[in-house]
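There are 2 protein chains.
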Amino acid sequence: MLQISAANHNFHSSDLTFADENSLQKMARKCRGDILRMTTLAGCGHPGGAMSSVDLLITLYACARVNSTQPADMERDRIIVSHGHTSAGVYSVLGNFGFFPIDEAIAHFRQAGSPYEGHVEHGLPGVEWSSGNLGQGLSAGCGMAVASLVHDLRNHVFVLMGDGEQQKGQISEARRFAVKYGLTHLTCVVDLNQLQISGSIRHVMPQNIRANFESDGWRVLEIDGHNFQEIYRAFHEAVHDRDHCVAIISRTVMGKDVSFMENVCKWHGQALPADLFAQAIAELEQVNDLDRYRQLRHLGTEHLTIRPRPPFQPDIATGGSFLYTPDKLTDNRSAWGKALAEITRQNLERESATPIAVFDCDLTGSVKTDGFAEINPRNFFQSGVMEHHTAVAAGALSTQDVLVFWADFGVFGVDEVYNQLRINDINETNLKLVCTHLGVDVGEDGKTHHCIDYLGLLHNLYHFKTIIPADPNQTDRAVRWLMRQPGNIFLGMGRSKCTVITKPDGSPFFDEHYTFHYGKADILREGADISVITMGAMAHHAVNVADTLAAEGIGAGVYNFSCAKQMDLDTLSRACQTGLVITYEDHNVHTGLGTMVADLLCRHGLAVKLHKMGIQDYVTSGEPKDLLTAVGLDEKTLNLTIRRMIEQYAKSVKETSDLEKTVKLAKNI
Amino acid sequence: MLQISAANHNFHSSDLTFADENSLQKMARKCRGDILRMTTLAGCGHPGGAMSSVDLLITLYACARVNSTQPADMERDRIIVSHGHTSAGVYSVLGNFGFFPIDEAIAHFRQAGSPYEGHVEHGLPGVEWSSGNLGQGLSAGCGMAVASLVHDLRNHVFVLMGDGEQQKGQISEARRFAVKYGLTHLTCVVDLNQLQISGSIRHVMPQNIRANFESDGWRVLEIDGHNFQEIYRAFHEAVHDRDHCVAIISRTVMGKDVSFMENVCKWHGQALPADLFAQAIAELEQVNDLDRYRQLRHLGTEHLTIRPRPPFQPDIATGGSFLYTPDKLTDNRSAWGKALAEITRQNLERESATPIAVFDCDLTGSVKTDGFAEINPRNFFQSGVMEHHTAVAAGALSTQDVLVFWADFGVFGVDEVYNQLRINDINETNLKLVCTHLGVDVGEDGKTHHCIDYLGLLHNLYHFKTIIPADPNQTDRAVRWLMRQPGNIFLGMGRSKCTVITKPDGSPFFDEHYTFHYGKADILREGADISVITMGAMAHHAVNVADTLAAEGIGAGVYNFSCAKQMDLDTLSRACQTGLVITYEDHNVHTGLGTMVADLLCRHGLAVKLHKMGIQDYVTSGEPKDLLTAVGLDEKTLNLTIRRMIEQYAKSVKETSDLEKTVKLAKNI
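Chains as they are written, first to last, in the working numbering: chain A, 1 to 669; chain B, 1 to 669.
Wrong hints could be hidden among the right ones.
Identical chains share a label here; the pair holds if one copy fits it or two copies do between them.
[To be verified] Calculated lysine-lysine pairs in the BS3-like style (CA-CA distance at most 30 Å, straight line):
1) Lys-609 with Lys-503
2) Lys-497 with Lys-266
3) Lys-625 with Lys-266
4) Lys-651 with Lys-609
5) Lys-565 with Lys-465
6) Lys-338 with Lys-520
7) Lys-266 with Lys-328
8) Lys-520 with Lys-636
9) Lys-497 with Lys-465
10) Lys-266 with Lys-338
11) Lys-266 with Lys-30
12) Lys-609 with Lys-465
13) Lys-520 with Lys-465
14) Lys-266 with Lys-180
15) Lys-609 with Lys-565
16) Lys-520 with Lys-609
17) Lys-625 with Lys-651
18) Lys-503 with Lys-625
19) Lys-465 with Lys-651
20) Lys-180 with Lys-497
Keep in mind the hints are simulated off the structure, nothing from the lab.
Starting from the given sequences, assemble the full structure and let the hints guide the process.
If you want it as structure tokens, here you go:
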């Protein structure tokens, strides 16, 4: 294994020793051979870029503060590879540096069930962030650099990126964020091999990368990315510059060191066939040992380990709760903001408390994070109108033992950044995403701002939990619950003030004895004739209607499913006993609560008559109450719908009951 | 109505005449009053930015080539307002310029059912693009500027933007695209009023807007955005500069011309209460006529018109079809590419043919648009790794009588740009979105690249059609069909080569007599015991299994629902007659075909035993066939599942049949 002299560790000395330079060169040759082994064995992959980036990677892993025996050490430097398709390069370096057995990486590259995936995945020691979709790595780096501020670490964060991906706008967002927050311990390296899939970057999309970085206030160094001394000196310069974020633009050669691969675009995303491999490995003066690896590959991947992130257990005191009384309207977002502020205050001086950080995208007052910003301004990150960056930065920070909230409007926090949330979910982040302004309850801002698809979108993300509380009291208790949870959790709210849900006796339903349990539905009203399944700000409308009907002797049960993604099957079965179910939601009727209920009913063979009330098309601006009326989600329409369903059902019940009687009769005979 | 002298029309003369300057100033005062009328009447809105932008808007609408009597004239200049929250400003100008009655706009601003929405919407004459979510306007402008190239128009495109939204990365993508394609007839104006919702832009997110534009090769002019002569001269300069894309940075004052509103951040997103309105309107030397408008507002919005976009009817000859024979494996994407190329060739010289344009994001070879690029390079737009921009530019172009295709991998064409697609859908675009690399069929590129949620995502977009053809023949025919359709259509495909689906006699199922009908399902195999509902690349696996089982006397029907969003209810009912239904898809099991089927079954009371086969969690890299096995979607597992379900059902059928006999007996008695 490669040993580097103390002088070059952590970029201490300003130059690379001659001996170290020699060792790195030797290692580079070995790694290039391994890149070819992996890709040819798998029959696919991206050898070209891996071979242009590998000298940068080797220098980094050799000289930065990383350690193969303690890959999760909190004080370590963080190295993020944004152009994840260079995975063969990353694995070759990590494997040869002892993070895992190199033979394993070669043999099982891109094999089903293997951690050595096509794009780098965090399930491997040494890999900090799963990438693949380009342009997100610098944002992840910002998140990890913020972790250094929050935890007061003295480490450095390096982000290695491709040149093609510089075209992604999200990178400019990350650059601005880094400068605003003085993340001078963040360095990025651009592998400028001048080629992307479709050819020269100058032809695909002309760009002045240097000017782009400088226009956002970064210092730019340019180097030969295959000259170890230059690489080292640039890193040294960057690490010791505490006044600037530094970008190192590294001129490299795609397919470097194999004559017929150099600067040939084709090898960006294609593996060498066996004959060319033989030729290439000979050029690299290595033995052609592919057969041995082929045999290893045949053993399969069952013995390999994919390491999940260590579990995150936030230590947060959430004592007490706030009881909202029915005499006053409160919006759920104020309840969230109040609980956040109160809990922040409780934990600010607690030594063992997990630090809390909050990201905002220019909507502090509306999403109610102003209380937090006042109490803990140091951990409040105002990201401006840069949601793509924020989603990733917040996600990355949440993997670093920080309890991270990002609050935004629904259309920005979910719709605009769906893919970033997906990549977060794949990265097993612990993001608490709080979205206000859901539904047509947003009102006058109109259809571009009506977030009526959040549930349908988040339903695609396997590990995201969703909570849509019914009133301020449930919101308060849900916030206290999620403060202590690992994983990705979405807390969703409308904009308007809403009534506190009460019991039939007029006291708060979610009272001082109530504790939030994820996945548990609430029976807000019992009713034997029909069941209304709802959530969020629609719950109090359903309760109002049920109470009106109850006075006329019609029993409409009201069920609050605040955790739509994990339905309470017991309560659902109970709701189904009426035989008539209405789902009632301020959400796209095709993808929301109603569809989730239908899915469950179908799968569990619960036969009922189901009627879905939801939004059928994009809606105009308007006052929320007018919009609810316009789309047929007002209380009057719910009332009428209930009556009509009961009437229609009465007929069919009569027929069924006639049949049942006949059956009974027949059986008796 | 304002009349401008001929010299200043279309920015002909280099200066504004004194008389015109005076008229514009008078108009500005009137418009500012109207902005306050609208917002105060509605009790909400964004007066501050509307008042800082309004002088820019007035100059534009007065002097550009736009005409209130012919708002849809093809030769017109296009004016796009990216910061759509300044709607009151836009409506005040359009109304006072005769695009619609100003009194109507004032009275019904932000009222439910009104076209005068909170953010500008294209349902109004003079509004080219619905905006609201920031950072997208310049991309839309690029799309419209491309239309000028495609149609060989001599018009100009103006995009007005806010300063806060400059933080969005997508804008940098649009800048690069504009320079690459020499869109020098595109001018953007940044309203630099220095304030965004949370305060000064310098505090929220420091940014050097000028340097950002210049770093991407734009020419930048800086002006006083309230000095009509300066505004005019800058536009004149920009319109006549045919060497550069020009950005005009306009220093303005939020809340301009009302003393207590100027530079006060609060009035960004808040309307004046009645008392302050009275004070403000007096300062503007206008009468307080709010009561009159209040009365008009009470009349409601039913008499108002929202104008849909004029229907797009592409004139494309799609004659002939290509028949793929079962002796050769072909991937659906090659079939799409071949059909596209062939049809392009057919229409290239046809005088009346609608022009076809194709956008690509650095994946030409993989998404098979290389044929088109060769035949019609002038209409092929290589957008690089800039998906957010591309989604919007392609969408905007598709509203300009061009048949627009954007081809990309699923995770980039859907996941990454979901919100851009949503805004396109709201804009009634006619985008043909072609995504290859769907499902775990993507294989070795791993979980970040497995697009297993496209259907679940697109299901949220009300007007998007989806087509997932089963084999190359159906792909060929679907492409020919969609070439002649308006609206947004998604065509989805896997990566792998797949078998041509055959009839039981071995001939192609989708043969020379087959025509694609949107919403019609295909009965690939009849079967009385169980029904398998599937789509796309899974169809041939289902057919294989059905054929194997048929040989053993088990009747498994195979139903191809290529149009999942518009289910063929007749065929579904028929499939349900077996009592046993399996949905079988290379897609997230929670949000795909299975869930859509469940939803329909539930709503239409079709009682069957449903089993959903799909993907339960993110999947690793690997060869597609290994991944299908790993997730239990291989043919063997389908075969076993069918057998197990039939066995289990046999028992319950027996019980049911006993009961039925009893009933029959009883009835006879």
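Hints violated by the structure (numbers, ascending): Hints 17, 19 and 20 contradicted; others consistent.
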